[in-house]
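There are 4 protein chains.
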Amino acid sequence: MEGFHFKTDIRVRYAEIDVQNVVFNSHYMTYLDIGISDYYRQGLKLDPRELSRQGIFDFVLAKCTLDFKQSAKLDDILHIWCRTVSIGRSSMTTEFVMTRAGETDPILLAEFVYVSINPSTKKSLPVPDVVRNRIEEFEQLA
Amino acid sequence: MEGFHFKTDIRVRYAEIDVQNVVFNSHYMTYLDIGISDYYRQGLKLDPRELSRQGIFDFVLAKCTLDFKQSAKLDDILHIWCRTVSIGRSSMTTEFVMTRAGETDPILLAEFVYVSINPSTKKSLPVPDVVRNRIEEFEQLA
Amino acid sequence: MEGFHFKTDIRVRYAEIDVQNVVFNSHYMTYLDIGISDYYRQGLKLDPRELSRQGIFDFVLAKCTLDFKQSAKLDDILHIWCRTVSIGRSSMTTEFVMTRAGETDPILLAEFVYVSINPSTKKSLPVPDVVRNRIEEFEQLA
Amino acid sequence: MEGFHFKTDIRVRYAEIDVQNVVFNSHYMTYLDIGISDYYRQGLKLDPRELSRQGIFDFVLAKCTLDFKQSAKLDDILHIWCRTVSIGRSSMTTEFVMTRAGETDPILLAEFVYVSINPSTKKSLPVPDVVRNRIEEFEQLA
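Chains as they are written, first to last, in this note's numbering: chain E, 422 to 563; chain P, 422 to 563; chain L, 422 to 563; chain S, 422 to 563.
These are calculated hints, taken from the structure and not from any lab test.
Some hints could be false.
Same chains, same names: a pair is fine if it fits in one copy or spans any two.
[Said to hold, decoys possible] Within a straight-line C-alpha distance of at most 30 Å, the following computed DSBU-like cross-link-like pairs (lysine-lysine) qualify: (1) Lys466 to Lys484; (2) Lys466 to Lys544; (3) Lys484 to Lys494.
Let the sequences and hints guide you as you build the complete structure.
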């Protein structure tokens with residue numbers, strides 16, 4: 422996918438299909454959560470759970486937009502493309518594109534705004550340099 | 422809630438809480454889905470499953486925006502306020518406000534755009550009059 | 422239900438229905454978890470989360486048997502009957518019966534064996550007297 | 422795993438972890454459902470959804486026993502070993518062993534009894550020869 426440096430794959434499970442024979446809406450949020458988790462660990466080589474345990478950084482979802490183009494179906498292999506498009510003082514904007522394996526037309530386009538928080542107080546926190554620098558390097562944002 | 426004629430209540434389940442002790446993101450989509458289902462049946466007195474079985478009407482989510490203000494927690498009783506704000510030819514725009522029982526500050530604001538479809542072909546379909554008229558009456562849109 | 426002093430109610434959600442139009446298996450476990458949670462809080466008047474935070478007691482599922490008699494369906498109101506049938510040194514055996522509101526034939530019979538653990542070490546622990554006495558009194562086991 | 426001819430792998434998702442930092446109970450049922458689905462398609466080379474659409478065969482869970490030995494954790498890669506141990510007139514008994522990748526001590530042992538049903542009437546049905554023969558061959562039961 423043009424402009425993306427990371428993707429992860431998931432396979433749709435029977436438990437995620439509703440009576441209309443398509444993925445129930447809420448599971449797309451879980452798929453994107455897998456996408457952002459893998460983006461940190463496998464793409465950025467940062468471990469958010471460890472950063473949280475050390476009190477350095479955690480992030481929460483502040484706002485999201487999902488634009489559904491098609492329905493995912495049982496046993497579909499889905500590619501979840503993920504990139505950070507901007508970093509503010511304490512927020513990070515991430516774009517997702519979800520496609521079915523072997524296809525280019527998207528199933529879903531999404532934009533998520535995450536806020537950097539202090540893991541103990543849960544208050545917003547400037548994005549720490551360790552995270553900011555790593556993302557800028559990975560995404561060639563700087 | 423000013424301007425809303427319908428709400429439904431849900432209680433947060435242990436199974437929905439993540440390791441940060443708050444509701445995991447995807448479950449908010451399930452809560453809003455309960456909201457819209459109850460809005461049809463208890464508010465509008467329409468049964469979407471029955472309309473679908475009769476081949477008259479079904480609806481799918483085309484686009485949504487979620488704006489998270491606070492986190493819901495274990496055993497919270499949540500009010501899900503729901504209203505249709507506009508009806509186009511084949512789309513309907515719904516607003517949700519989620520609050521914790523006894524509080525007025527929202528947990529979540531959301532806007533969902535649903536598309537009216539033919540239940541058999543899954544192609545978009547003008548919103549049938551039975552649905553359009555019922556919503557306009559309920560929401561005093563006309 | 423003969424021999425039971427506690428029940429809680431849940432309503433089946435659209436998100437829990439699979440393509441066969443019945444509740445997907447895993448959700449029955451969630452329903453029973455709601456049953457045991459409500460049994461502690463509303464029946465026994467004990468708060469397991471608080472007992473865990475205080476380091477006194479927590480419990481984990483060691484073994485369970487589920488015997489499915491019927492399928493639950495969309496919008497069913499389910500009664501979850503729950504009782505402790507025996508307390509060992511560090512284990513507690515709980516029986517569940519699930520029925521549809523207004524019916525007596527069960528949907529599901531289940532037996533769960535929970536083990537009392539130390540919340541910090543996660544090692545098994547004799548069932549504390551505060552819990553044992555409360556259950557024996559509630560169930561008239563002694 | 423001695424005596425098993427099939428396994429499938431899953432990775433634990435963040436959405437499946439509860440506040441105790443372990444997999445919430447109900448998700449084990451989903452994992453085993455993935456196990457049996459993959460056993461049919463990749464092991465037995467049978468497609469249960471297709472057999473159901475053709476009106477030949479479907480199966481539902483009648484009874485299950487789960488014996489938890491350890492907790493699965495975030496990002497664990499789990500092996501789900503699956504085999505049919507007996508086939509009756511209209512029932513099939515399946516055993517599962519779940520292990521963490523690289524370990525031999527089980528996380529979970531389970532036995533599931535499935536009943537063969539007519540997909541249209543949902544009534545029990547003798548296990549069709551196409552399924553019985555395929556399982557006997559695969560498991561070398563005969």
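Evaluation of the provided hints:
Taking CA atoms no more than 30 Å apart as the test, Lys466 paired with Lys484 passes inside one copy only; the shortest distance there is 25 Å, against 32 Å between copies. Within a single copy, Lys466 and Lys544 get their C-alpha atoms as close as 25 Å, which meets the 30 Å cut-off; across copies the closest is 34 Å, which misses it. In the homo-oligomer, the alpha carbons of Lys484 and Lys494 lie at most 30 Å apart both inside one protomer (26 Å) and across protomers (18 Å), since each shortest distance falls under that limit.
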